[in-house]
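Enquirer: So the protein lines, in turn, are chains Y and C. Just so we're aligned, residue 1 is where the first sequence starts under my numbering, counting upward by one. Just so we're aligned, residue 1 is where the second sequence starts under my numbering, counting upward by one.
Keep in mind the hints are simulated off the structure, nothing from the lab. Even for Gly, the Cβ is constructed at its ideal location relative to N, Cα and C. Among these hints, one or two may not hold up.
Facing chain Y, a subset of chain C residues (Cβ under 10 Å, in silico) [claimed, not checked]:
| no. | residue |
| --- | --- |
| 1 | C13 |
| 2 | M31 |
| 3 | F33 |
| 4 | G40 |
| 5 | S42 |
| 6 | L45 |
| 7 | A47 |
| 8 | T56 |
| 9 | T74 |
| 10 | F75 |
| 11 | E103 |
| 12 | Q108 |
| 13 | G109 |
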Amino acid sequence: GENVEQHPSTLSVQEGDSAVIKCTYSDSASNYFPWYKQELGKRPQLIIDIRSNVGEKKDQRIAVTLNKTAKHFSLHITETQPEDSAVYFCAATPPDTGRRALTFGSGTRLQVQP
Amino acid sequence: SAVISQKPSRDICQRGTSLTIQCQVDSQVTMMFWYRQQPGQSLTLIATANQGSEATYESGFVIDKFPISRPNLTFSTLTVSNMSPEDSSIYLCSAGAGNRDTEAFFGQGTRLTVV
Numbered sequence: 001g002e003n004v005e006q007h008p009s010t011l012s013v014q015e016g017d018s019a020v021i022k023c024t025y026s027d028s029a030s031n032y033f034p035w036y037k038q039e040l041g042k043r044p045q046l047i048i049d050i051r052s053n054v055g056e057k058k059d060q061r062i063a064v065t066l067n068k069t070a071k072h073f074s075l076h077i078t079e080t081q082p083e084d085s086a087v088y089f090c091a092a093t094p095p096d097t098g099r100r101a102l103t104f105g106s107g108t109r110l111q112v113q114p
Numbered sequence: 001s002a003v004i005s006q007k008p009s010r011d012i013c014q015r016g017t018s019l020t021i022q023c024q025v026d027s028q029v030t031m032m033f034w035y036r037q038q039p040g041q042s043l044t045l046i047a048t049a050n051q052g053s054e055a056t057y058e059s060g061f062v063i064d065k066f067p068i069s070r071p072n073l074t075f076s077t078l079t080v081s082n083m084s085p086e087d088s089s090i091y092l093c094s095a096g097a098g099n100r101d102t103e104a105f106f107g108q109g110t111r112l113t114v115v
């Protein structure tokens, strides 16, 4: 089955700096890679996703890059703000074979220092 | 995006009892899933809830402990049976957006404490 590794486990940055979180996956057939933000006591919220036919996707201060050859993808947050502080999870899912459950990374606790 | 309502939001239960968690989606979805998130940890898939057939369980999870129902395309339940303190966790349901889309949205979670 799929295995997703995520680094770093914690990340502390100064407000205004950039933050980068990296994930690798094992199943070369995986074709969908979402990122979730989870604030304390709340549900995971989808913040951005990328499919395997795209190398990069950007949404305002958030971008995701995908390297299919190396089987890794990254989340980039620019101009970080204190409200970006949360736990971020990457995930991967295989093609539509009837089982499209997500396999999650271990999470990254991002703290943005004001 | 689908709106998912999950209840109860939290409960404190005695060991040996069972708790049923309900998940309601505001639109028909093909796929529904149940995850467990232990404190400070990532999400682990328990099972895929299949409409009209038995759920598909992941390694380490069994039907006798976590029976699941999926009577239609908008509703599912997860029961945590014969609970022990080790079952204390957050349980989350998730639903896909449709046949071709794989975006997954989550219910607000059920925080279960077993005493």
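Enquirer: Decide, hint by hint, whether the structure agrees.
Expert: Going down the list of hints, with the structure as the test:
1. C13: Violated. Min distance 19 Å.
2. M31: For C:M31, the interface hint holds, since the closest Cβ of chain Y sits about 6 Å away, which is under 10 Å.
3. F33: 5 Å, holds
4. G40: 9 Å, holds
5. S42: 5 Å, holds
6. L45: 5 Å, holds
7. A47: 9 Å, holds
8. T56: 7 Å, holds
9. T74: 18 Å, violated
10. F75: Where the cut-off is 10 Å and the nearest Cβ of chain Y is about 18 Å from C:F75, the hint is violated.
11. E103: At about 6 Å, which falls below the 10 Å cut-off, the nearest Cβ of chain Y leaves the hint on C:E103 intact, so it holds.
12. Q108: 5 Å, holds
13. G109: 6 Å, holds
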